[in-house]
Amino acid sequence: MMNRFNHLPTLKVDTTQKIAFIYKGKKHYGVKGDTVATALYANGIRIFARSLKYHRPRGLYSLDGECSNTCMEVDGIPNVRCENTLLEDGMVIKEQNVKGSAENDYMSFLDKLDWLMPAGFYYNVMHKPAKIWPIAMKQIRKAAGLGKISPDYEMPGKFDEVFLNTDVCVIGGGPAGMMAALSSAQKGLRVILMESRPWLGGFFEYRSGQYKDRQALHERALFLANEVAAHENIRSFTSTSAVGTYNNNLVTGFQIGKKEDVFDQRYIEIRAKSVVAAAGCIERPLIFDNNERPGVMQIACALRLAKTYGLLPGKKAVFSIGHDLGLEAALELHDLGLAISCVADIREDGHDPELLKKIEDKKIPLLKGWVATKAHGSKLVNKISLASVDGLVSKSFDCDLVVASAGITPVTGHITVAQGTLKYDNHTGCFLPDQMPEKMHAAGRVLGLNDPLSVEASGTLAGLQAAFDCENCSIQEIGEARKALENLPGPVRGTKLVTAPVKGRKSFICFDEDATIKNIKQAIEKGFDVPELIKRFTATGLGPGQGGIPGHNLPLYVAKYQTLPDVSIRPTNVRPPLVPTLISTYAGVNHKMFKITPMDEMQRKDGGIFRNLGVWQRARYFSNDLTCKKEIENVRSNVGMLDGSTLGKFRIHGSDALKALQRVFVSDMSKVKQGRVKYSAMCNDDGCVIDDGVVVKQGENDYYFTTSSGRAGQTVEWIRYHTRYDGWTFALVNLTDSLGVINLSGPNARKVLEKVVDIDISNEAFGYSEYKEFKIQDTVQTRAMRLGFVGELSYELHVPSSYVKAVWLMLNEAGKEFNIKNFGVEAQNVLRMEKCHIILGQESEQRTNLLDLGLGFLWDRNKTEAKTVGAVALRQAENDQTRLKLVGFKTENNTRAPRDGALVVDEKVRGYICTARDSFSLNEAVGMALVEGELSKIGTRLEIYEDECGDDRIYGKVVKMPFYDPEGTRMKM
Amino acid sequence: MKEIQRVSPVVFKSTPVKTKTRDNWEVVMEYSEEGDGPFLVDLSHRPRFDLQDSNLAAQKPFGIEIPETPGICVLEKGVLANRMNGTQVSLYNLDSDDTAVMPDESGYTDVTESTMCVALIGKNVFSICEKLTALDFMDPQRKAPFLFQGPFSHVPCQIVTLSKEGDISGLVLTCSRGYGRDMIHSILHAGEEFKLTPAGENRFTNWIKEL
Amino acid sequence: MALTITCPICGKRNGYEFKFGGEEKGPRPEEKDLTPEAWCDYVHMNKCVAGVQQEWWFHKDGCGSWFPIYRDTTTNLEQEDQKATNQEGKNDEQV
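Chains as they are written, first to last, in the working numbering: chain B, 1 to 973; chain C, 1 to 211; chain P, 1 to 95.
Next comes chain B alone, as it looks inside the complex:
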């Protein structure tokens, strides 16, 4: 294990606390605060993975997870971004996409075959003859890719979610973000601050340069972080990446949990009144030959390895940089003991003179106008070639570390995803915000600023602008903050060089997808002219890094290579999630929310088999015999109990209640008599049936009605929608959950109920289609209806939910002598089908109207002033001969019933089977079907086609409905 610095004030690791982990089956140690990547680096591991296409060795490059170089398998989870994942005790870490090991990969020969794989080779070769492709595809898929996952893989871990509201959301916890948060919070606003790294401080936090008055930048970072922590209005989320920004200032992100947190990752959704985008900058990669060879890394990567993690990144280094940060890093690392053979700076001039003097004082050789051209070494860097930018002169140095960076590039994804625009800025050479989205403000290095004081001042300004959006700040205050910023240094000139003077066959513009400069040239020569298309064709920027590495270089290079005078430099689009996010994180907590009925407990005890039906869980069967033979027979010959609690139940009252009912129900509701049950239906504006149920009159303009289970959730919405212009006075109360419904059915139903209630329930006193209210045992207020959905004598008892268990127990007790039994939804389905009572959604679909179902008798055509929903369309449909009709049928020769949904055919499709079952009551297979009008005559032969039946057909014959007890004597007995 490498020695660590342990005296630096910027360290975020505790070198005294060792953490053990397994890498390639062997135990290694990191220290507390290490990421997986730094722990591996500390153990001398330099090759972390092999690349997607060519199996090139890859290692540490940016330390912020901007490319797939350090994606590894951690504890069985593939593609973990090691630079962003804190090391934990006992972690098991494996390398990805290797045959053998990352060190010695048998597939590395592919690197020499790059000429076989030009840009878009997928699209060009292996297509002819077509037979080749499936074989080729298998081989390619075996060789290429990142992590592996099996289809039945279940994501381990704890996922959580929070939904937050705030006045101001600040993205980025660097100096600008912190200043913005503070200035908004000081205005009394609620502020949320999001920072990807585990701590606040941004680009101040690891630097020792001077902030002002001899205060070091890292000291300033700490000071600001403490201010932020102390402010009660600011909630900071560290280890939290903002991955999406949307309309109306919705910001989404995810947080990586610490050991003590109850989550491994949690989804964060923030609704803010205003947003400050201050995500800072990343470095723009320098492109030269083998620019991704392990040992080549960016400035901040090398510096942070030392300053944050206490690891000297190498022994002997060469720098090839284009920004003052490179000079600063060279000086700091030199002081920490890194031997620097040479610093090549792309820039001829424009350097910070103070830094130049120090470089000179420390006798670090500096080459101005020079750049790295090629890294040597087959697996690790052992030598670097440098050349003057024009390529005229060259030199080489032995080294084990190349610190390379072309410049910096702002992280603008949060702005562009929210539909803000960018503009190429010639001075900085960066894409800077142009049109900001409504109520979003940019601050800090995103604006091209670099001077520490300017960065902070821009944060203060953005914080006040956000406060202004929340109506908590005056224009004058903003004016003053703007003036303060204008008096400070503005953006510095940036370099525009993308590549060293090389041919580019091994110069990588995108590490994730193994795309080289040569590939880009190939795409352009094929005629692709726009960066967005070249990105697609070469896959540049389509990898896990989300364009972090090539995002800036690609449009710059394309513009340069095309040498067209009027090509405006346009960046490619980025899309959310801006940082790779686990689908499990988006899924968050999986709360399954289902309704249960008041009979749930008892039915489960009785062996009910439950199914999710809409929002409800209902007992569908009561035995493993899915034909429900016993349940059905018990209802037909004895007595059964069904849970009908899921029926929609409503009270409508108020002076215009009847008018509202007349609007939505097809029947004339003024004819509903007290004490009677009226069956009716609702249609939509096309006359198609959407609901059916019963209505009971309780008083003048006071009704109680039921709807089908599936529609209960939309009933209020429906009635209010269709009366929204009328200004009527009526009130709806949803009583669906208020009352449990016990359907007591069968020839012995009366005998059971008699024992429980005190009133006379003889057929004379309580006849078919009548309604009664009474109390059971002077306590339970009950509404009872005599209906006959299943075709037997039956009572539907609507009982207050909390009393359902009590009543259920009474009925069970009373029914013991008759051997009363539960029956489930499927038994009911068969029972009512034998009686040809329809269930909407089963005997109807979206296009089935009232007339098709033979329910035209429900419709009162004379109440035109009610403007009944569906009436106009029904009138039009009356003469339409082309519609499907509902018919009953039996199968021929006693063959089994066809499956629901089977088709009625001749030379074409003529209809379909709605419900069909082998009926135990009738000893034959019967069912209902929707068929074309000409097939609806009694006696018509139906040819029925089932899925995958080949040439076999089932034949049926149209018969009269209903099949069971056609006179209806049983339900009226």
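Because the hints were derived from the structure by calculation, they are not lab data.
Treat the hints with caution; some may be incorrect.
[Said to hold, decoys possible] Think about it this way: if two alpha-carbon atoms lie no more than 20 angstroms apart in a straight line, the pair counts; the simulated PhoX-like pairs of lysine-lysine are:
#, chain 1, residue 1, chain 2, residue 2
1, B, Lys867, P, Lys25
2, B, Lys273, P, Lys12
3, B, Lys518, B, Lys374
4, B, Lys358, B, Lys368
5, C, Lys195, B, Lys259
6, B, Lys357, B, Lys368
7, B, Lys99, B, Lys148
8, C, Lys143, P, Lys12
9, C, Lys20, C, Lys123
10, B, Lys439, P, Lys12
11, B, Lys24, B, Lys158
12, B, Lys439, B, Lys605
13, B, Lys867, P, Lys32
14, B, Lys960, B, Lys937
15, B, Lys659, B, Lys863
16, P, Lys32, B, Lys659
17, B, Lys316, B, Lys379
18, B, Lys316, B, Lys374
19, B, Lys148, B, Lys131
20, C, Lys123, C, Lys143
21, B, Lys659, B, Lys671
22, B, Lys503, B, Lys423
23, B, Lys496, B, Lys560
24, B, Lys158, C, Lys195
25, P, Lys25, P, Lys47
26, B, Lys867, B, Lys659
27, B, Lys605, C, Lys13
28, B, Lys94, B, Lys131
29, B, Lys316, B, Lys362
30, B, Lys863, P, Lys32
Once you have looked at the hints, place chains C and P on chain B.
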């Protein structure tokens, strides 16, 4: 004859140590190991009424002046009146000793049975809420008591915030009775990290007296 | 969902609490002398403007009221007190 007992849609796994029968409900007054809060209290047995009238200003349920603005609530003599919209108010009898009898007027409907009702009281109540809903309880514009009609754990709810004051924070939540089982599961799951525990009605009664 | 809708009862809320109820087309026509074409137009024809439209929303997860709002279909943002593009010309027809 067997005694008739009513069943609450809310079932806790904790062991009741003190119970009381009221209007056929077996009300748990105290559970064992209630902890230091936050607490989840079942109030489903508490009478709740719906009042709808085109002229609400003329109505004075239980002598309460109904707030004019939707979303505003008043708590008087243990009865909470929540203005829902122009013509509707919900009434929760949370803490009056006698069982409030619903006025015999056509605008009223007893909806005690329609919903499950729980109180979530004590510290970190709103940290639990933000895991389950995007509703903004901490909006400084809203002064307790106030009503939210909105989704909580994906289910439409009525939520009345009675206090936003630190450790005595608290709210009363109602949703369709059928969701009782899953709603309790989801609240307890979200509250696990804050040591949310079921508590008896006493805990709520003492709390509401402090408001 | 990024969309927000301002409910007249409950205030500004997340879009997923609401259900869309179509473009504003005025009250149901009288049935007397109504031609099938006119009826079909009322029920099924939409203007689908790229711009500000007046439209109905239902606060499904909230207070349960129907109300119209103005929304810019190109930005998916609500507009306060805007003249809707899909209502232009409506007055002309009535004149």
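Going through the hints against the structure:
no. : hint                  : result
1   : Lys867(B) / Lys25(P)  : holds (16 angstroms)
2   : Lys273(B) / Lys12(P)  : holds (11 angstroms)
3   : Lys518(B) / Lys374(B) : holds (15 angstroms)
4   : Lys358(B) / Lys368(B) : holds (15 angstroms)
5   : Lys195(C) / Lys259(B) : holds (18 angstroms)
6   : Lys357(B) / Lys368(B) : holds (14 angstroms)
7   : Lys99(B) / Lys148(B)  : holds (13 angstroms)
8   : Lys143(C) / Lys12(P)  : holds (17 angstroms)
9   : Lys20(C) / Lys123(C)  : violated (27 angstroms)
10  : Lys439(B) / Lys12(P)  : holds (16 angstroms)
11  : Lys24(B) / Lys158(B)  : violated (26 angstroms)
12  : Lys439(B) / Lys605(B) : violated (57 angstroms)
13  : Lys867(B) / Lys32(P)  : holds (10 angstroms)
14  : Lys960(B) / Lys937(B) : holds (9 angstroms)
15  : Lys659(B) / Lys863(B) : holds (11 angstroms)
16  : Lys32(P) / Lys659(B)  : holds (18 angstroms)
17  : Lys316(B) / Lys379(B) : holds (17 angstroms)
18  : Lys316(B) / Lys374(B) : holds (17 angstroms)
19  : Lys148(B) / Lys131(B) : violated (26 angstroms)
20  : Lys123(C) / Lys143(C) : holds (18 angstroms)
21  : Lys659(B) / Lys671(B) : holds (13 angstroms)
22  : Lys503(B) / Lys423(B) : violated (29 angstroms)
23  : Lys496(B) / Lys560(B) : holds (10 angstroms)
24  : Lys158(B) / Lys195(C) : holds (17 angstroms)
25  : Lys25(P) / Lys47(P)   : holds (10 angstroms)
26  : Lys867(B) / Lys659(B) : holds (10 angstroms)
27  : Lys605(B) / Lys13(C)  : holds (18 angstroms)
28  : Lys94(B) / Lys131(B)  : violated (36 angstroms)
29  : Lys316(B) / Lys362(B) : holds (16 angstroms)
30  : Lys863(B) / Lys32(P)  : holds (11 angstroms)
Consistency with the previously given hints fails for numbers 9, 11, 12, 19, 22 and 28, ordered from lowest to highest.
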